[in-house]
Each structure stands twice: as structure tokens, then as C-alpha cells.
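Turn these sequences into a full structure, and let the hints steer you where they fit.
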Amino acid sequence: MTTPTLAVLVPLLPFLGAVAGLLLGRKAPGFVRPLAVLPTLLSAVIAVLIAVRQGGGTGGGIRPVDAATELTPTGSVPIELALHLDGFAVLVAVLVGLVASCVQIYSTGYLRDDPRYPSYAALVSLFTSAMFLVVYSGDLMVLLVGWEVMGICSYFLVGHYWETPEARAASLKAFLVTKLGDVPFLIGLFALAADAGSFRITKVLDAVATGGLDHPTLIALLLLAGVAGKSAQFPLHTWLPDAMAGPTPVSALIHAATMVAAGVYFVARLLPVFAASAAALVVLAVMAAVTMVGSALAALAQDDIKRVLAYSTIGQLGYMTGALAVGERGAAVFHLLSHGAFKALLFLAAGVIIHAAGTNSLAAMSRMTGLRDRIPDAFWTMTVALLALAAIPPFSGFFSKEAVLGAAEHAATGHTGSVPGSAGWIVLVSGLLTAMLTAAYATRLWLLAFRPPVTGPHPAPGVVEAPDHGRQPVVMNAVLWVLAVPSLAFGITVGALPDWFDGGSLTPTLTTSVLATGLTLVGGLVTYGTWRHTTALAARVPVGAVTAHPGAEPAVSEAEAIATHTPAYGSIASAPDPADPGRLLLGPLHRHAAVGFRLDAVYTALFVRPTQFLATVVRFLDREVVDTYVRGAGTLPRWLGAAARRAQTGNVQTYLSALLAGSVVLAVAAVLVAAGA
Amino acid sequence: MHLAYPAVLAVLLFCTGLYGVLARRNAILVLMSVELMLNAVNLNLVAFDVWLRDTLHAGQALTLFTIAIAAAEIGIGLSIVLMVYRNRGTSDVDRLRDTAESPGPAGPDDAAPDGAADATHPDATAAAQKAEATA
Amino acid sequence: MTLAAAAPQGFLSPTGVEVAFVLVGLVTFAAAIVTVTTKQLVHAALWLVVALGGLAAEYLLLTAEFVAWVQVLIYVGSVVVLLLFGLMLTKAPIGRSPDADSGNRWAALTVAVAAAATLVWVVVDAFRTQWIDLDAPQGTTSVTGAMLFQHWVLPFEALSVLLLAALVGAIVLSRKSEEPSDERVRDAKAHARDDAEAAADKEQR
Chain A
1 MTTPTLAVLV PLLPFLGAVA GLLLGRKAPG FVRPLAVLPT LLSAVIAVLI AVRQGGGTGG
61 GIRPVDAATE LTPTGSVPIE LALHLDGFAV LVAVLVGLVA SCVQIYSTGY LRDDPRYPSY
121 AALVSLFTSA MFLVVYSGDL MVLLVGWEVM GICSYFLVGH YWETPEARAA SLKAFLVTKL
181 GDVPFLIGLF ALAADAGSFR ITKVLDAVAT GGLDHPTLIA LLLLAGVAGK SAQFPLHTWL
241 PDAMAGPTPV SALIHAATMV AAGVYFVARL LPVFAASAAA LVVLAVMAAV TMVGSALAAL
301 AQDDIKRVLA YSTIGQLGYM TGALAVGERG AAVFHLLSHG AFKALLFLAA GVIIHAAGTN
361 SLAAMSRMTG LRDRIPDAFW TMTVALLALA AIPPFSGFFS KEAVLGAAEH AATGHTGSVP
421 GSAGWIVLVS GLLTAMLTAA YATRLWLLAF RPPVTGPHPA PGVVEAPDHG RQPVVMNAVL
481 WVLAVPSLAF GITVGALPDW FDGGSLTPTL TTSVLATGLT LVGGLVTYGT WRHTTALAAR
541 VPVGAVTAHP GAEPAVSEAE AIATHTPAYG SIASAPDPAD PGRLLLGPLH RHAAVGFRLD
601 AVYTALFVRP TQFLATVVRF LDREVVDTYV RGAGTLPRWL GAAARRAQTG NVQTYLSALL
661 AGSVVLAVAA VLVAAGA
Chain B
1 MHLAYPAVLA VLLFCTGLYG VLARRNAILV LMSVELMLNA VNLNLVAFDV WLRDTLHAGQ
61 ALTLFTIAIA AAEIGIGLSI VLMVYRNRGT SDVDRLRDTA ESPGPAGPDD AAPDGAADAT
121 HPDATAAAQK AEATA
Chain C
1 MTLAAAAPQG FLSPTGVEVA FVLVGLVTFA AAIVTVTTKQ LVHAALWLVV ALGGLAAEYL
61 LLTAEFVAWV QVLIYVGSVV VLLLFGLMLT KAPIGRSPDA DSGNRWAALT VAVAAAATLV
121 WVVVDAFRTQ WIDLDAPQGT TSVTGAMLFQ HWVLPFEALS VLLLAALVGA IVLSRKSEEP
181 SDERVRDAKA HARDDAEAAA DKEQR
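Chains as they are written, first to last, in the UniProt record's numbering: chain A, 1 to 677; chain B, 1 to 135; chain C, 1 to 205.
All the pointers check out, no bait thrown in.
Here are the simulated distance ranges between beta carbons: (1) A:663 with C:42: 30 to 36 Å; (2) C:156 with A:658: 37 to 43 Å; (3) A:647 with C:81: 38 to 44 Å; (4) C:140 with A:647: 51 to 57 Å.
In case anyone wonders, no lab produced these hints; they're calculated from the structure.
Note that beta-carbon positions come from the ideal geometry of N, C-alpha and C, so glycine has one too.
Dropping the structure here:
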């Protein structure tokens, strides 16, 4: 088969699997699991095959595959079903296929008894299909279709536990916030197509290369709004932490590895458009810097393990946008790939931990002994993934992050032509700061989750044994090890990757490597020291609510943990735990960081309240003003009707009088007319 | 003889009958007024028959027929009045108001007060049922 | 007929027949007025006799003698008797009854006067130049009889069937039903009371 044919199969297979799964879900439950896993697995295999065929991309001398067919004329700017397979596309598709397959396999264990599993699996398949479409599409409109399908799938999947109010609110919030970004995004796409005369990415890039764009800054900023919404960048990132109310596999697939990366991928695809406007690059750099630092601080204050990872995701996406801001899309996609692998691993391992511990609260886990021994697979893989997240040298995260920082340094020192030096400095400084903070929260997470508290000789009242949930399902553990491999070893590809991308070197430079690794070690050691200082408190202050369902599927524990977090700890995000090293590290900032720097409150004051007030006004206008006219219009006919009713006296003589009076009038009129008057 | 004399007399009698039909309360008096109107027409028929010298004497023949029909009409009418009187206890025309628009259910807005009115005047519905039963 | 040809017989030189016609007409009209205005129901029937008799006299003056006698026989002889019976059967009050006229009186008067004015105006306007030649009698009994049974015999027979039907109908209508009559009368009384109360309610409102 030719490469385009294979590439069409990649999004098509999960789509067919989703349709079949939705249709057969109730009637043939036995087919649901194969229908969920096999098409995705097959797509992943085909994606790998395409990647092997395309190996080397532009750098290796092989032209990107471009295929297009126009189904029907669609007016002045044609919309075509187009494929554009370059190095970025094929590698991201491999990542999507890998993570989606892992998540589908993991879900068969994680949600094994869920009555809504068929629709869940079908939606995940549909999402996978849409993501493949976004990755492979060579036409912006077709890309947008996949983009929006992903959004709606995210809405449904975040709301999977719709019995809990948190999940309902989170799904609505995720949908509305991403749509808020998508409106300018759509306008930006139209503006771009109007300027370039086509929706085809290749033609758009050609137009950019020949200077055919009239409003590059406007278009770039409009598109950035959509990217910020989808990739959870400041100021539209607020939906992502709340989206953790969804099942863990969904968080791993959609809200860590793939969908949120779509925005970054989109910018990488159209980087020349953004690079045409220095202002857009500076805005992108500032956005990335604020996102990185803010989310890292917030991650340090979170109590829910998944919210820590969510803020971490936002921060790592910030690294990617930072790389884009300095014009190095190879580094961005490199980080996207390594981050996709280790963050999916982190989430899936967190799902195992939540099940094993019976809680999603780090405060409760920190008072638990023996958790490490119950789930050795999750412990070791999580350790690997956290090391990758913190960018400790041999792990994949180190190489990708260093690629970003190296590019930033490159731009800051003015070696990258079109990128303003300020953008480089912003990204470099914030990136280094974030490297330290990342190490801090990764260390905190690891310590709180896996290290039992240092209690001294006396038995402590607050410390409990981890509940026994039996062995974790094999599929879940196996998936963790599969994902651990790229987290561990993806870095060795650093020499080969530039051939797939634009050709720029991605190897770490000495200065930034030493600086970043040093800062990372500082962050980790400081956190460890703080933890040594505070952990004694854990034994004295009992905190925690644990649910244990040894026989039930893991998702039940998670749903209950989410639902009970607010009643047990007073907040969805934080817990009043004095033994938390993050509390000591952040000091007075902790209060604000725990609630995401009150951005939600600001949005409430800025948008929600005025909207509600306007709704009240509209309701008042409708009820009291418009309806008054309606009622007034009804009153006159009613009066007329009442008058007509009063005439219906039932007295025959009255009727006859009226009849004859009318006859007389008519007769007089007739006579007058006949007389010619 | 001047044709205007019988014609004007007929008009005056007719309008007198008209007044009676519209103004009298007793049904039998209404019937009398109807007879006056019929006779006014008869006078016209005879007068025009004489004036036109009709060879078929259509005017007079029709007058005779009208008289016969009036006799039949008065018989039927009186029996109807008798029956009404027997059923309703009255032969007053302006009390036979079954076709009047009752202040009953008018619109959806008035449903509640009407329901209350029905509840407070159960005899109204009872009377309506009685009227139905006796009709 | 032109105005010139009619000129000799003017309004100002009435013939004897005309004088008699107008006088009898006045009596008839007055009797009719009393019939429709009197407060005594039985008197109304008796004044109706006067009016109908006056009309019979007018027929005679118009040389329609057969119609005149039929008028006397049927109207004065039977119809008025029937009406009197009706009054008695419906227990009409003897003597003055103040509520003989309904509340519709003024509307009725207006309509009647307007109709009379219109019709008189139209009729006078149309026929003021027309004269009736009364020299040759038009309606002698023999002529009328021959005409009736030669040319009008079929309508005449149809009329007899109509009369039969009316006879049967009147009997059916006025026959008392099989049910116990006292209950129905009580019902009727109760209903009348209800009606009276309803009317009183309405007036109060």
C-alpha cells in the first residue's frame, strides 16, 4: 500500500472502531474490548510503519508526503482532504498511537466493571481518530474538524463520573474555556486563509515564505487564543486542573499526552506564520514564561496527586511554547514527544497509586506506610517518570528540556535571525527557574507518596497502613513498563531527531545543561531537606480519608476519592496539612498557589458575575417589559371578546331588533343607491 | 282609488306588527303581532291584484293561501308556546335565554375564578342539567 | 300611465270609496296600535279582532269579497279564538299586567319607526301616480272560485296536505307525555325560579 493510503487508514480505523463500539456496545458487550483496543493498536502499528518509511523526513532528503483530494467545490477558498506527512507529523502520530494504545489497554483493567465502559471506550477511540486527523491533516479546515471533535470528546470524557458535581462542573468548564479560545482561532484561520488564498498548510507556508501575509500579527494572535485554550496556556489554562475530575486514563491520554499537545503541534506546523511577527513571538514567550512559573508554583501547593500532575503538564507545555517562541520547533516537538511518554506514564501510575492508597490526597498518602511495597511496578515506573520530569541527565526529559533551553540561549544571544532577543531571555530565565521548581514538586510528590513518615521510636497515631487492594491488574502494570522505556531511553535519539525535523541540533549545550541540572539538584535537595523537617508533624496530625474497595474496579476508588476530597479537606485542591513541605517552601504564597493564584475568582468577578447580571437584566426585560406588551396586546381582544359576549344575551328579541335595524339600514342604502343619490 | 292608500296602510300595519314582535314579552302577543304583519302583506297582495287586473288572480289566490298557512302557523305556534309554558312555567320570550353566552369558561386565564364560581353555584350546573333533561 | 292621464283624479278630490277606505284604515291602524301596546293581554286579542275586521272591510272596498269573507271566517272566527285559548292555557293574567312589554321596547320602537318611515317614503315615492280602477269587481266569489279550482288547484291540494301536517304536528306537540306530569311541572317551576333569580342577579350586577 502507498503511504497516503496507509495514512488514511490511521485515523479511519479508530473512527470505525468508535462507531462500531457505540452501535454494538449494548447488544454485544463481548466485542467492546476488542473493538476498543484493536483498531487503536493497529493504527499505532501503521503509524510506526509510516514513520519508518518516512524516516529522516526533510533532513534526510526524503520529501514530505503531500496528498490532497477535493471532494466538492466550496467557494472561493477550497477545502481539501489533504495529508501532509513530514517528520513532525509521523513522530507525533507514533506518540499518539503509543499512548492511545496504552490507555485503551489500561482502561480495560481500570474501568473493567464500569457500566458506561462501551461509550467510554468508543469516545476514546473517536478522540484518538480525531487526534490522528489533526496530526496528519494538510488542510486547516480538516484540522479544525479534528480539533473540535477532540474538544467534544474531552467534554464527554471529563464528565465520565457525572454523578459527582465536580466532574459535571469540570466538563462544562473545559468545554467553555476551550471554546472561548476556539472562536478567535476560527476567525484567525479564516483570516489566514483569506490572506494566503488557501487552507492547505503547504500553500499557506509558501505564501508566508514569499511575504504574502498582510496581517501576520493579527492572525498569529488570533490563532494563539485557540492554542492557549487547547494547550492550557495562561490565561486559558484554568480548565485543565479541574479536568482531573475525569478518569485517570482520560487524563493521561487527553489532558497530558495528546490533546493539550495539539496546540503546540499546531503552532509548530505553522511556525513560519508566527515567526513572521516578532510581536507574536514575544507574546508567546511571555505566555510561556507566566505559564511555566505560575503552574510550577501551583503544582507545589496541590494536594490532589492528579492536580499536581495537571499543573506540571501546564508547565511542560509552557516549555514547548517557549521553544516555539524562540523559533525552534524541533525542540518543541522533541519535548512534546518525551513529555507525552513520561506524563502519560505519570498519570497511569498515579491511577494505580490512587487505587492502591484509596485516596488521591498526598496528605493522606504521606501518612501511609507500605504503599511502595504494595505497588512495586508503579513505584519504579513513577520514579523513572519523575526523574524524567525533573530532567535528571540520562532520562528523556533532560534531553528535550535541554534542547528547549539551548534554543532559548541561542535566541537570547542573538543567533536566531528572526527571533527577538527579549523572547529568548524571557524563555531562558523562566525555563531555568521552572527547572528548579519542577524538581521541587517532583521530589515532593515522590516523597509524600512513597516515603513513610519519619516517626521516631514512638508509634504515631496518624500513621496508617496502606489498605490492601490485592494485586493490580496485569494490563495496568504492563502498560506502565511499556511507557517507562521511552521515558528512560528516548534521549538517545537526540542525535537522529534533527534529521526528522528542521535539521537544527538538539544536543544539550554545556552552559545550560550545567546551569539547569544544578538548579534541578538544588530544588530537589531543598525539598528533601524541608521534608525531613516537616515529616515529623505528619505523625502527630492525622489527616486523611481513605476509601477501600478491594473487589471493585480501580475507577470506583478514584471517583469516590474525587467526590470526598472537598468534604474531607475543605477544598478540591489543597489540604490543611502542616507536614507538607510545599507549605513551608512557598510560605505566604502557598495560600494563593493552592487555588491557582485565584485566577478562577478573577474570572468569576470579571466574566461570570457580569454575565449573570446581564442575564438577570435580560430576564427582567423579558418578563416585565416585553411581556407587558404581549399582555397588553392580549387585553384589547379580550375586551372586545367580553363586549361581544355581553351582546349574546340569549334574548331573541334583541337579536331580531339588531337584524331588522340592519335590514332597514341596508334598504335605505339600496334605495339611495338606486335613486342615484 | 289611489294605490298609495292601501300601500301605506299595509306599511303602517306591518311596522305596527314589527313593533309588537320586538317589544311584546308574552309569546302569544308576539304571535298576534306576527298575524298583523301577515295581514299587512295580504292587503298588499289584494290591492296589487286589483290594480294590475291580473287574469290569474294570483294576488287573491296567494292571499287565500297565506291565510291558510297563517292558520296552520298559529296552530303550530300556539302548541309550541304551550309546550314551552308547560316545561318552563313561563311563556315570556325574554326569559327563554338558554342560548345566552354564559359567564362560564372563557379563557385559560379565567379558569381558576370560573372553577370557583362553579363550586359556589352548584345549582347553576344542576339547572343546566335539568334544562337538558326536560328539553 | 302618465301623470297627465292621471291628473283628473287628484288627492284633493277624493271619491267616496277613498274616504271610506281612509276612515276604515285609520280605525284598523288604531286598533293594531292598541293591540301591540295594551297592558291587558285579553284586550289585545279583542283589539286584534277589530283590526282584522277592519282589514276585511278594506278587502270589500277593494272589491275582493271572497277574500274578505275568508278573512272574517278564519281570522276573526278561528285564529283569534285560538289565541284566546292560548292565553287562557298559559294562565295569562286577566287585567293589567305591567310587564307586558319587554325591556327591548325602545329599540323596537326605533326600528319600527325607522322601517315605517323608510317604507312609507319608498312606497309613496313609487306609487303616488298610480290609481286603481274599481269599476269592474275583481274578486267576486264565483270568479275567485273558478280561478282557484282551475289554475290553482294543485297548490290548493298541496296546501291541504300542509294543513294536515300542521294539524298532526300541533297535536303531537301539545299532547302531554306519559311521564308523571306533576314532577315536570315542579321541575319547570323550580327552573323558572332559578331563571328569575339569575335575572335578579344580573340586574343587581
